[in-house]
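Residue numbers (our numbering), protein chains in the order written: chain A, 27 to 354; chain B, 27 to 354; chain C, 27 to 354; chain D, 27 to 354.
The hints are simulated quantities; they were obtained by calculation from the structure and are not laboratory data. Where hints are given, some of them may not hold.
One copy or any two copies: either way a pair holds, since identical chains are not told apart in the list.
Claimed, not checked - EDC-like mimics (lysine to aspartate or glutamate), calculated; alpha carbons at most 20 Å apart, straight line: (1) K175 x E328; (2) K175 x D223; (3) K175 x D276; (4) K175 x D320; (5) K171 x D276; (6) K340 x E154; (7) K333 x E343; (8) K340 x E282; (9) K175 x E154; (10) K175 x E330; (11) K340 x E328; (12) K340 x D224.
Everything numeric in this text was worked out from a predicted model, so none of it was measured.
Now for the letters of each chain:
4 protein chains.
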Amino acid sequence: MPGSQDPQAPGATRPPLHEVAHLGHIELLTPEPEASLRFFVDVLGLTENGREGNSVYLRTWDDYEHHTVKLTAHDTSGIRRVGLRASSQAALERRVAAVKQAGLGIGWKDGDPGLGPTYLFRDPDGHEMELYWDSEWYVPPPQLKPSLKNQAQAYPGRGVCVRRLDHVNFLARDVPPSGDFARDVLGGRVTEQVVLDDGAISAQWLHFTSKGYELVYTQDWTGSTGRLHHVAFAPDTREDILRAADICLDRGVFIETGPHKHAIQQTFFLYVYEPGGNRIELCNPVARLVLAPDWRTITWTEAERAKGQAWGLKTIESFHTHGTPPVR
Amino acid sequence: MPGSQDPQAPGATRPPLHEVAHLGHIELLTPEPEASLRFFVDVLGLTENGREGNSVYLRTWDDYEHHTVKLTAHDTSGIRRVGLRASSQAALERRVAAVKQAGLGIGWKDGDPGLGPTYLFRDPDGHEMELYWDSEWYVPPPQLKPSLKNQAQAYPGRGVCVRRLDHVNFLARDVPPSGDFARDVLGGRVTEQVVLDDGAISAQWLHFTSKGYELVYTQDWTGSTGRLHHVAFAPDTREDILRAADICLDRGVFIETGPHKHAIQQTFFLYVYEPGGNRIELCNPVARLVLAPDWRTITWTEAERAKGQAWGLKTIESFHTHGTPPVR
Amino acid sequence: MPGSQDPQAPGATRPPLHEVAHLGHIELLTPEPEASLRFFVDVLGLTENGREGNSVYLRTWDDYEHHTVKLTAHDTSGIRRVGLRASSQAALERRVAAVKQAGLGIGWKDGDPGLGPTYLFRDPDGHEMELYWDSEWYVPPPQLKPSLKNQAQAYPGRGVCVRRLDHVNFLARDVPPSGDFARDVLGGRVTEQVVLDDGAISAQWLHFTSKGYELVYTQDWTGSTGRLHHVAFAPDTREDILRAADICLDRGVFIETGPHKHAIQQTFFLYVYEPGGNRIELCNPVARLVLAPDWRTITWTEAERAKGQAWGLKTIESFHTHGTPPVR
Amino acid sequence: MPGSQDPQAPGATRPPLHEVAHLGHIELLTPEPEASLRFFVDVLGLTENGREGNSVYLRTWDDYEHHTVKLTAHDTSGIRRVGLRASSQAALERRVAAVKQAGLGIGWKDGDPGLGPTYLFRDPDGHEMELYWDSEWYVPPPQLKPSLKNQAQAYPGRGVCVRRLDHVNFLARDVPPSGDFARDVLGGRVTEQVVLDDGAISAQWLHFTSKGYELVYTQDWTGSTGRLHHVAFAPDTREDILRAADICLDRGVFIETGPHKHAIQQTFFLYVYEPGGNRIELCNPVARLVLAPDWRTITWTEAERAKGQAWGLKTIESFHTHGTPPVR
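Bound-form chain A, shown alone (with noise of 0.2 Å):
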C-alpha cells in the first residue's frame, strides 16, 4: 500500500499544503428541522442568515463568509455537503484539474447564497464535496455588529457560542483511498493515523490549515459508504465545553461521551446528538497548532487505542456504531 504508511514520504504528484485555506461549510441533513434548527440557534448559538426551500442557512459568530451550515429538511439524518474553500483562484483552477483528472468531478455549479462558482465532487467513498474561491464577505446587519472590527459578528451570549465549524470526520468504507484523495489531489496533509495490527489503516487526520485536522475519514464497519460519523464545532475554550454539558444536561441534549481530552490530536471533546440524529462535536483544540512543514505522521497502534483517551476514558461502544444517516 504505497504510500499510506508512510503519508509524509515525497512524491511527485503531491500538491502543496494549503492549496485549500480551509473548511468553509457543510450542508447537514435532518428529519426533524424544527428541534435540529432549534439546537443550533439555542443550543450552539448560530445565527440564522436566510432560508431558501427546505432549508435554512446558519453562521457561526466569527464566520467571514456567508454561513457555516446550510441545514436541510430531508427523509433522513447524515451530510450532503463540505465545501472546502481554496487558497485562490489559482489554487481553485489546480485542484480541479486534479479532481478532474482523477476521475471524482461532478461539474461547476452556481454556488449557495455568498458564494461563487462552485466546482462539485465526490471523494473516493463518495461523499459530496465543493471547492470554491468567490465568497462574500458577511456584513453584519446593525443588531449583530460587533464592538472590535476584527471581528465577524457580535458574540451572540446564547447557548455555547460556538465560534467555527472545526473539522469533519467521515465514514469511509476504505480510508486508504479516501485518505490518499485528500492528501494527493486536494493537499491535505495526514498529521496522525491509526493502523490495525493487521496493517489496514482504520482512520486519518488531515490538515490544511496550522490546526491539526479539518477532515477526517474513519472506517465504517458497517460496510456502508458517504455516511458521517460527526461535524466538530469550536468554542472559545475548554470551560466553555465544560458549560455546554451543564446546557445540553438542562436542555435534554443527548450526551453521548466526554467532556474529556482525546489521545488523537489532543482536542478537548464532548459528543452529542442534535435532535435529528447526527452527532456533533464541541471541541478545542487548547493552544495545540501543528506548525512544523514536515510533519511526521503519527500512527497509533490497536494496543494504544485500546488504552483509551488522553486521561483513560474507554472509548464508547457507539462511537463505533452510530453514523448517519442511519444503516437500515
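Chain A is fixed; fit chains B, C and D onto it per the hints.
Just chains B, C and D now, kept in the frame of chain A:
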C-alpha cells in the same frame, strides 16, 4: 473608637457568627425599568418569577428561594432594601430583639411573595434591611426543571448565567457605626478593612457564611447617606467573567473596570453599570473561603491601597465618585 | 430507622450547625513514604513544614494552620486520623462532652505541632478523629511570604497547587451509625445521601461549613471497618483539574477516573492514587455553596445512581472495590 | 505610500503566504543571566537543552525543534536574532534569493545546535533574522518523555508552562519599510495595522500561519533602531494566564499590565519584565484563527486606539516608552 481597630476582639454583647444564614434578596430601583429588566434577564441570565405593581421578581438559577432581585421602577436608581435570612426562628427573634434594643427597628410586615413575617429596620446609615426566617422553597415549572435534583432550576444558558447574589456593598457617610451594627447586632464578622492614615476606617467587609464577605460598607465621599456602591452576582468561574466582558462589550453594557483580581478578598471581578445606573459587580472568589473561626481582621493601609488591585490595576476614579442614587 | 430517612428533622439532642468550624488536617499512612512525599510536594504542590519520627508535616498554600497533612510511613496505607477544628473553646467543650456521652471518647492528648489540647475519639465505624480549638496561625518564612496579606503563604506554582483540604470520604461497614454520630454528636448536617432499594442508606454527605460537604460515609462492601475511600484537595478552578490530569499523565500517577462532574454535590472531580495506594480526589465545587439553613437532604435512589455521573460517565468498578488499607 | 494602506492588494512581486512556515526561535540578551535563566526555567517553565559559551538553550515543552530560546549573557538587554523556519528547501532558496535582491543579506552560516545551514540577514530597521530549513526533531530524554506520542516533551507542571513561542514584536524607527519587507520578501500578510491621523503607519501585525500574527512592527518613539518591544509565549489557556499573574505576583516578577484582552487581534495578555529587562508577553488567542486567504487588513485609527483595549483598559504609559536595550 473601641472595637473598630480590633473588630474581632471578644465583646460581651457580640452574637455568635451565623445568626444570619446568608444574604437573601435585594430590591433595586431603576428609572429605566424596561432596559434594566432586559439587562437582568438577557445579559445576567436571571429568570422572571412574577410581577406586582411596579416591580418584577427575578431569580438567579441556583437560588432556592422565591426571588433574588425585586426590580422596581422608580424615579431614580439605588437600592431600596436588602433581605437577610436568619439561620432559625430563634435566631430571627434574637436578632430582632437586638435591633430593637439598638433603636433601629421599623417593625414587622408581611413579606414579599415567598417570604413569611419579615422584620424591617435600618442600619445606622439609613439603608433599609429586613430579617426573616419563613421562606418558601422554589418549585420550578416543568420547562425550568433541572436534570440534577440538588439544583434549584435548570441552567439558563443565556447571557452570563449568574448563579447567586454574592454581596452588597453599601456606601455610608461613616463606616464604623454601620460596620459595628452589622457585627454587634446582626452577628457578622469583619474579615477585612481599610484604615486611613488618620485612623479613620473607610471600608469594612463582613461575612456571615464561609465566604469572605456578604456585606460591605465603604465611605461615601459625598457625605450622603443610604446609598449603594454596588451589588454583586457570582457566575460559576473566572472564565464566565471573561465571557461576560465580551457579552457586555457586544450588548453595549458600560464596563467600568476589570476583569482583574481584587487585592482585598482576592475576588476576580468585573464592574458594569446596568441601564438604570446601578453598579453591578460580576465576581468569582475562585476557591477561596474564610473558614477560620478566629479569623483576624486584615487591615489595609492607604499606602497598601495605593498599589492598586492584586495584579497592579489602578483603582478607577469613578469607583470613588459613582454611587446610586446620584447625588443632586 | 428514625431520623435517617429524614436526617434534617428537628431532634431534641441535635447540636446547631457550625460547632465544628471546618476540617483541619489528616494523618495519612503510606508504605511508600518517599514516593508519597514526592507526590504531595511535586505533584500536588504542598509545602513541607517540619518532620518528626516517621512523619512529615505538609501544608496546602492557603491553610492558615500549621499543617494540612501529616504523612506517616507505615506498613500499609490508609488514614490514621482526621482533625476537626471546633468553632470556639466552648464549642469544643460541648462536643467533647457529647462524644463522651456517646461512649466513643479516647481522651485528651497534646496536639501535634501547632495544635493545643486535642481530644481523641473514634466514630462508630472506628475511624480515629480529634477535636481541638487552640491552633497557632502559620507564619511563613521570608521566601514563602505571599504578596497579599490575606493569604497564608505564597502561591507555589508547582504541580497542581491545591489550595486546601476539601473533604474526607470514609468507608464504613454501616453508614447510618457513623452518619448519625457526625450529625448528632459533631453537629454536621446531611446534605445528600444514597438510599438503596431495600431502604438501606449506603452513603451520606455531611457539611459543617457553607460548602456542601466535608465528611462523607460510604458503605464498605468488604464489610471492613475504619477504612478510607479517599481524601480530597481543592485547587482553584476546573481548569486546574484539567491541567492536573495532564500533570498526572506525564508523571506516571495512576488516574482512576475523571475529570467529570459528580451528580451528587455537582463537584468537578479527578481521582488518582498516590504512590502509597491511597485514593486522592482533586475537586472543585465551581461556585456552588449550600447556604440554606433548612436545606432538605437530597436522597438519590439506586435508579438515579445507575445513570452515572452528571454528564453520563459511568461509575468505575474500582470505585466500589478500592479502599485503603487493602483488605487482606 | 503605495501598498501600505492596502497591504493585501495584489502585487507582482509578492510571494505566496506560507513560504515561512513559522517562527522558530529567538536569541535573547540579558545583563542578568542567572536571574533571567531562573525566570525562564522556574517561572515560564522552559527546559534547558544545552549550553555553549555565554548562552543557554531553552525549550518550551511542545516545541518539536532543538530550542526555542537561546539566552545569552550580554552587557545589555534586547533581542539578538529571530529564526524563521522556511516551509521547504525550495521556499528557503526562494526567500534567500529575495533577501539578497533586497540587499539585506548577510550570508550563510552554520546554524546553532539542531539547525542546518542558516541564512543570516537584517530587516530594514536592522533586526537580525535567520532563515533555515534543516532542523533536527527533538528527542526527549527518558525523564522528559511524554505519555502521548504526538507531543514533543512531557508537560513540565512547573510555573506557567508556556507551550510555544507565539510572536515577536519589534520596535522600528519607521514601520512601513520593515512591514513591507516582511510582506514582500518574507511572504507574510498584514492582518492588522494602526494608521495615525497624519497617515503614518505606526504598527503592523503580520502572519505566516493560521494565527493572526507572528511578527509585529511598532514605531519606536525614541527614533532608535533594532530594538525589541516584547517577545510572547503562549500557555494553553486564559486560566493559565490568570494563574501566571499570581505566580509572578508571588515570585516578585514585575507585572506591567494585564491580564486583559487586546482590541487588536483579540489576544488575552499579560505583560511582565524578565529580570534582564526584556518585556515578555504571556498570551492566549483563545480559539481565534485567521483562516481567510483574502483577509482584509484591519486598520485602526488613533481615535479607535484611544478607547483602550478590548474591555476598556487604558494602554499603560510604559508601553510606549520601554523597549530593549534601553536607550542611553
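Q | List of violated hint numbers, smallest to largest | A | Violated: hints 6, 9, 12.
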